[in-house]
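Make the full structure from the sequences, and use the hints.
One letter stands for each residue in the lines below.
Protein chains: 2
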Amino acid sequence: MKSEFEHFQEQHLTHLNKYLEMYLSRLNGEQTLKDAMFYSVSAGGKRIRPMLILAICNETKRKIDEDVYAVAGSLELLHTYSLIHDDLPEMDNDDLRRGQLTNHKKFGQAIAVLAGDGLLTTAFECIGNTKLNDSIKAKLMTALAKAAGPQGMVSGQVADIEGEKKHLTLAELQLLHQRKTGALIAYACDAGSLLGGVSTEQQKEIHQFAMAFGLAFQIYDDILDVVSTEKQLGKAVHKDQFEHKNTYPELMGLDGAYHQLNEALFKAQCSLKSLGQLGMKTELLSGFLDYFARRKNK
Amino acid sequence: MKSEFEHFQEQHLTHLNKYLEMYLSRLNGEQTLKDAMFYSVSAGGKRIRPMLILAICNETKRKIDEDVYAVAGSLELLHTYSLIHDDLPEMDNDDLRRGQLTNHKKFGQAIAVLAGDGLLTTAFECIGNTKLNDSIKAKLMTALAKAAGPQGMVSGQVADIEGEKKHLTLAELQLLHQRKTGALIAYACDAGSLLGGVSTEQQKEIHQFAMAFGLAFQIYDDILDVVSTEKQLGKAVHKDQFEHKNTYPELMGLDGAYHQLNEALFKAQCSLKSLGQLGMKTELLSGFLDYFARRKNK
Numbered sequence: 001m002k003s004e005f006e007h008f009q010e011q012h013l014t015h016l017n018k019y020l021e022m023y024l025s026r027l028n029g030e031q032t033l034k035d036a037m038f039y040s041v042s043a044g045g046k047r048i049r050p051m052l053i054l055a056i057c058n059e060t061k062r063k064i065d066e067d068v069y070a071v072a073g074s075l076e077l078l079h080t081y082s083l084i085h086d087d088l089p090e091m092d093n094d095d096l097r098r099g100q101l102t103n104h105k106k107f108g109q110a111i112a113v114l115a116g117d118g119l120l121t122t123a124f125e126c127i128g129n130t131k132l133n134d135s136i137k138a139k140l141m142t143a144l145a146k147a148a149g150p151q152g153m154v155s156g157q158v159a160d161i162e163g164e165k166k167h168l169t170l171a172e173l174q175l176l177h178q179r180k181t182g183a184l185i186a187y188a189c190d191a192g193s194l195l196g197g198v199s200t201e202q203q204k205e206i207h208q209f210a211m212a213f214g215l216a217f218q219i220y221d222d223i224l225d226v227v228s229t230e231k232q233l234g235k236a237v238h239k240d241q242f243e244h245k246n247t248y249p250e251l252m253g254l255d256g257a258y259h260q261l262n263e264a265l266f267k268a269q270c271s272l273k274s275l276g277q278l279g280m281k282t283e284l285l286s287g288f289l290d291y292f293a294r295r296k297n298k
Numbered sequence: 001m002k003s004e005f006e007h008f009q010e011q012h013l014t015h016l017n018k019y020l021e022m023y024l025s026r027l028n029g030e031q032t033l034k035d036a037m038f039y040s041v042s043a044g045g046k047r048i049r050p051m052l053i054l055a056i057c058n059e060t061k062r063k064i065d066e067d068v069y070a071v072a073g074s075l076e077l078l079h080t081y082s083l084i085h086d087d088l089p090e091m092d093n094d095d096l097r098r099g100q101l102t103n104h105k106k107f108g109q110a111i112a113v114l115a116g117d118g119l120l121t122t123a124f125e126c127i128g129n130t131k132l133n134d135s136i137k138a139k140l141m142t143a144l145a146k147a148a149g150p151q152g153m154v155s156g157q158v159a160d161i162e163g164e165k166k167h168l169t170l171a172e173l174q175l176l177h178q179r180k181t182g183a184l185i186a187y188a189c190d191a192g193s194l195l196g197g198v199s200t201e202q203q204k205e206i207h208q209f210a211m212a213f214g215l216a217f218q219i220y221d222d223i224l225d226v227v228s229t230e231k232q233l234g235k236a237v238h239k240d241q242f243e244h245k246n247t248y249p250e251l252m253g254l255d256g257a258y259h260q261l262n263e264a265l266f267k268a269q270c271s272l273k274s275l276g277q278l279g280m281k282t283e284l285l286s287g288f289l290d291y292f293a294r295r296k297n298k
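Here the protein sequences come in this chain order: A and B.
End of the first sequence = 298 in the working numbering, gap-free, step of one.
End of the second sequence = 298 in the working numbering, gap-free, step of one.
In short, the hints are calculated from the structure, not lab data.
One or more of the hints may lead you astray.
From the derived model, a few chain A residues whose C-beta atoms are all more than 10 Å from chain B [as the list claims (entries may be wrong)]:
hint, residue
1, 32
2, 171
3, 221
4, 258
In silico DMTMM-like pairs for lysine to aspartate or glutamate, Cα to Cα no more than 25 Å straight-line [stated by the list, open to error]:
hint, chain 1, residue 1, chain 2, residue 2
5, B, 106, B, 95
6, A, 34, B, 95
7, B, 106, A, 6
8, A, 273, A, 35
9, B, 165, A, 35
10, A, 139, B, 65
11, B, 165, B, 86
12, B, 63, A, 134
Which chain A residues face chain B? A few, computed with CB under 8 Å, are given here [unchecked claim]:
hint, residue
13, 117
14, 118
15, 124
16, 138
17, 145
18, 146
19, 149
20, 155
21, 157
Predicted model only: the values in this text are computed from it and were never measured.
Heads up, the beta-carbon is just placed ideally off N, CA and C, and yes, glycines get one too.
Following this line, the structure appears as structure tokens:
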């Protein structure tokens, strides 16, 4: 029998994908650019980040209307930009992503850089075009820029590249991941809190959940690179190992990595318990944690 | 004797550069990234785009405070990102910019992509961090994203690349330039109008001025590539010609290009005259037009 989370995901994934397709098709720009942007956005994936926003809105009884889809969708646009640039020859140099050719393999390197630039920029436009009040718009755009920019994700990327030359300590690796993956996941949850209009106590606890979930997410990503096949992940595997990247399994072995994963999951569960005590429904957020038991691809 | 415009420029250029240095130094991120971002931002240039914002604020008696510098500075951050990505090997493949090595030549291609991404993203953060009211913040960020993204500058870039394979008509070339260069210049003037709180009539006329100025700016850029030396421009010259890029001189000869330039300048002057009739001071904006007579480098 399907869980509440699976029902929710099924229902909203279709709507979200339609929203993204419509948003991109309506942009008044060069067709080649739009094709390249849509190619990567439509490559699928679980849409974890936007789903977190939608789930928190649902749990807080915020009506999931077009504006909420726009905020959720804008995060997927921005996340997709990061994947396109990450795959570039000068970065990770990947040929496959989600089982299809990476953007630069399909459209060439110049268009891939610009498709990434376009997605990043239009993520802000997408929020700006909503009918949300200006205060919420300004807060969302500022928080998104902080999470994705040089104080967040972009610094995580740089730390990742710089880290290839040296062994990081656990604290350094945690900071790297907090910026590279954690910042956008925390933004997703903060955005959900903002749209849902939760109390300050709830907002803090949702943020704690996000931090723990984001960490678990990245550790699991590192583990999957070691234990999966290319077919399961839809992209090259064992690359981290081969390139001696700084990962949890590399730093503390596979058992150590699983231990860290379980610790992060425990923290996330504690936050959910606290949220329950604060009067918030948490079935859907709890559903996100099942992901670590059954995930087959990104 | 120095003109009012030259006095103004001298006074505010120093402040603006200090603001940019302070803003970047305070970011809590990886040092390598911050160095790469600052390297290109501090390479100089006339700062035409932020200066337009400052000039309109000055003419409308808007106090030029820290918030105005932030809005002006954020546009320079974003403009600098576009130059860094534009210079990449997969794009224009330039080694020199403003007389110094391009970002990727200095820091490597991966860091250059990320420095560009960081500058683009933090431009929005920079506006979001001001004390301006939320309505103005939201309007500025939305307009900036529209001007810089797939409905503006990024589409211009793609059209430029696609255009290398074919001859464009004058109308197509104008659309290309309107997006590639014009959109950000129009944004600068619109932002100035918003900060200055001008009337609707004045706002429309300032926008008209921006469109004409932006067009003149791009035509002059095309002309300079033909008539200048590398030393004068601080970057490689005659590349457009060599690569049969779609430019005004390529499409209609040098005389034809000068004719189009003068036509655009005439339109800009007409707008300034109308603005004067609408009760606005225009000495500073007029000073921007002198630029076309004495400009030596970007």
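Could you work out which of the previously given hints the structure breaks and list their numbers from low to high? Violated hints: 1, 6, 7 and 8; rest satisfied.
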